[in-house]
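J.: Sequence:
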Amino acid sequence: MRGRRGGGVTDFSEGQITRAIITAYHEKLWGQVVGDVVVVGAGPSGLVAATDLARRGLKVTVLEKRLSPGGGIWGGAMAMNEVVVQDAALPLLAEFSVSFRSVKGGLHVINAVELASALSLKAVQTGAVILNLTVAEDVCVHRGRVTGVVANRTNLAEALPVDPVSFEAKAVLDATGHDAALVQMLQRRGLLKGLTEMQGEGPMDAAGGESFVVDKVTEVYPGLWVSGMAVVATLGGPRMGPIFGGMLLSGKRAADLISDTLSGE
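All residue numbers for the sequence shown refer to numbering that gives the first Met the number 0, where the first residue is 0 and numbers rise by one.
One thing to keep in mind: the hints can contain errors.
Stated by the list, open to error - Below, in silico cross-link-like pairs of lysine-lysine (DSBU-like), each with a Cα-Cα straight-line distance of 30 Å or less:
{"#": "1", "residue 1": "Lys103", "residue 2": "Lys215"}
{"#": "2", "residue 1": "Lys27", "residue 2": "Lys169"}
{"#": "3", "residue 1": "Lys215", "residue 2": "Lys58"}
{"#": "4", "residue 1": "Lys58", "residue 2": "Lys27"}
{"#": "5", "residue 1": "Lys58", "residue 2": "Lys169"}
{"#": "6", "residue 1": "Lys169", "residue 2": "Lys192"}
{"#": "7", "residue 1": "Lys169", "residue 2": "Lys215"}
{"#": "8", "residue 1": "Lys192", "residue 2": "Lys215"}
Said to hold, decoys possible - Distance windows between CB atoms, simulated:
{"#": "9", "residue 1": "Met77", "residue 2": "Arg187", "range": "17 to 27 Å"}
{"#": "10", "residue 1": "Gly104", "residue 2": "Val161", "range": "16 to 26 Å"}
{"#": "11", "residue 1": "Val164", "residue 2": "Gly193", "range": "41 to 51 Å"}
{"#": "12", "residue 1": "Leu89", "residue 2": "Gly126", "range": "22 to 32 Å"}
{"#": "13", "residue 1": "Ile20", "residue 2": "Thr125", "range": "36 to 46 Å"}
{"#": "14", "residue 1": "Ala19", "residue 2": "Gly104", "range": "49 to 59 Å"}
{"#": "15", "residue 1": "Asp86", "residue 2": "His141", "range": "23 to 33 Å"}
{"#": "16", "residue 1": "Glu81", "residue 2": "Val8", "range": "18 to 28 Å"}
{"#": "17", "residue 1": "Leu120", "residue 2": "Pro241", "range": "13 to 23 Å"}
{"#": "18", "residue 1": "Phe11", "residue 2": "Thr260", "range": "42 to 52 Å"}
Rather than coming from a laboratory, the hints here were simulated on the basis of the structure.
Think of the CB as a built atom: it goes at the ideal place given N, C-alpha and C, for glycine as much as any other residue.
Produce the complete structure using the sequences and hints provided.
T.: See below:
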């Protein structure tokens with residue numbers, strides 16, 4: 000019979016640890032199979048959108064293929080882990096309790112580690128569920144509408160022919176960044192009218208790109224929305240480099256549009 004070890008430490012078993020993890024994850028996974036919104040990509044726009052939608056009471060699942068959420072924030076610029084936002088993004092920094100240092104030109108510098116961590120923490124605390132190491136393999140389409148995401152373990156999808164699972168949702172957000180992965184899944188099958196090929200990113204224009212990525216957030220196919228760099232890759236806007244205000248504001252706009260659409264259905 001197990002008791003206590005010296006120093007008041009409870010004597011637990013390896014089996015108990017494993018059962019606790021499996022039980023908790025199973026409960027979390029089970030609860031997200033059918034929900035309101037699936038966000039694919041836990042970068043800045045995806046995390047902001049997920050947080051905002053969860054705050055409105057929607058059941059939100061975030062699928063992230065990498066080990067850590069945060070997308071391209073962590074590396075800053077050329078592996079210098081500082082990023083920049085403009086004045087328009089300051090209300091969102093306050094909402095996520097992110098500190099900054101103001102510099103010339105209406106710009107504000109942020110520690111990239113703090114920003115990525117703050118966005119991830121707030122998303123989880125608000126009620127969004129992040130499933131990392133989970134990659135989107137496909138989308139579910141019924142009667143001309145995206146109704147969910149087909150997902151697999153990242154390492155399994157890359158190495159073995161193992162069948163995936165699916166997450167049903169009323170709306171799906173492609174926040175996969177430069178790849179615009181979900182949009183490509185529909186485009187290559189000829190399902191996107193008026194979009195015969197991905198437009199791709201234009202040359203660097205930081206100010207122009209920051210406006211484009213917010214203004215052009217849209218529903219590219221019934222049930223499928225784009226935010227962040229997926230907007231640029233899909234519709235051909237300019238790239239903007241290591242300024243992240245547009246990414247944050249793009250996620251906020253996507254959440255507003257998705258919420259308005261769902262509330263009107």
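J.: Could you run down the list of hints and mark each one as holding or not?
T.: Checked hints:
1. Lys103 - Lys215: holds, 28 Å
2. Lys27 - Lys169: OK: Lys27 and Lys169 at ~19 Å, within 30 Å.
3. Lys215 - Lys58: holds, 25 Å
4. Lys58 - Lys27: holds, 12 Å
5. Lys58 - Lys169: Between Lys58 and Lys169 the Cα gap is close to 10 Å, so the pair holds against 30 Å.
6. Lys169 - Lys192: holds, 21 Å
7. Lys169 - Lys215: Given pair Lys169, Lys215 holds - Cα atoms ~21 Å apart, limit 30 Å.
8. Lys192 - Lys215: holds, 17 Å
9. Met77 - Arg187: 17 to 27 Å: This hint is violated: roughly 33 Å between Cβ atoms.
10. Gly104 - Val161: 16 to 26 Å: violated, 50 Å
11. Val164 - Gly193: 41 to 51 Å: violated, 32 Å
12. Leu89 - Gly126: 22 to 32 Å: holds, 25 Å
13. Ile20 - Thr125: 36 to 46 Å: Given a distance of about 23 Å, which is not inside 36 to 46 Å, the answer is violated.
14. Ala19 - Gly104: 49 to 59 Å: holds, 51 Å
15. Asp86 - His141: 23 to 33 Å: Taking Cβ atoms as reference, Asp86 and His141 lie about 43 Å apart, which means the hint is violated.
16. Glu81 - Val8: 18 to 28 Å: violated, 41 Å
17. Leu120 - Pro241: 13 to 23 Å: holds, 22 Å
18. Phe11 - Thr260: 42 to 52 Å: At roughly 48 Å between Cβ atoms, Thr260 and Phe11 fall inside 42 to 52 Å, so the hint holds.
In this structure, the earlier hints numbered 9, 10, 11, 13, 15, 16 are contradicted, and the remaining ones agree with it.
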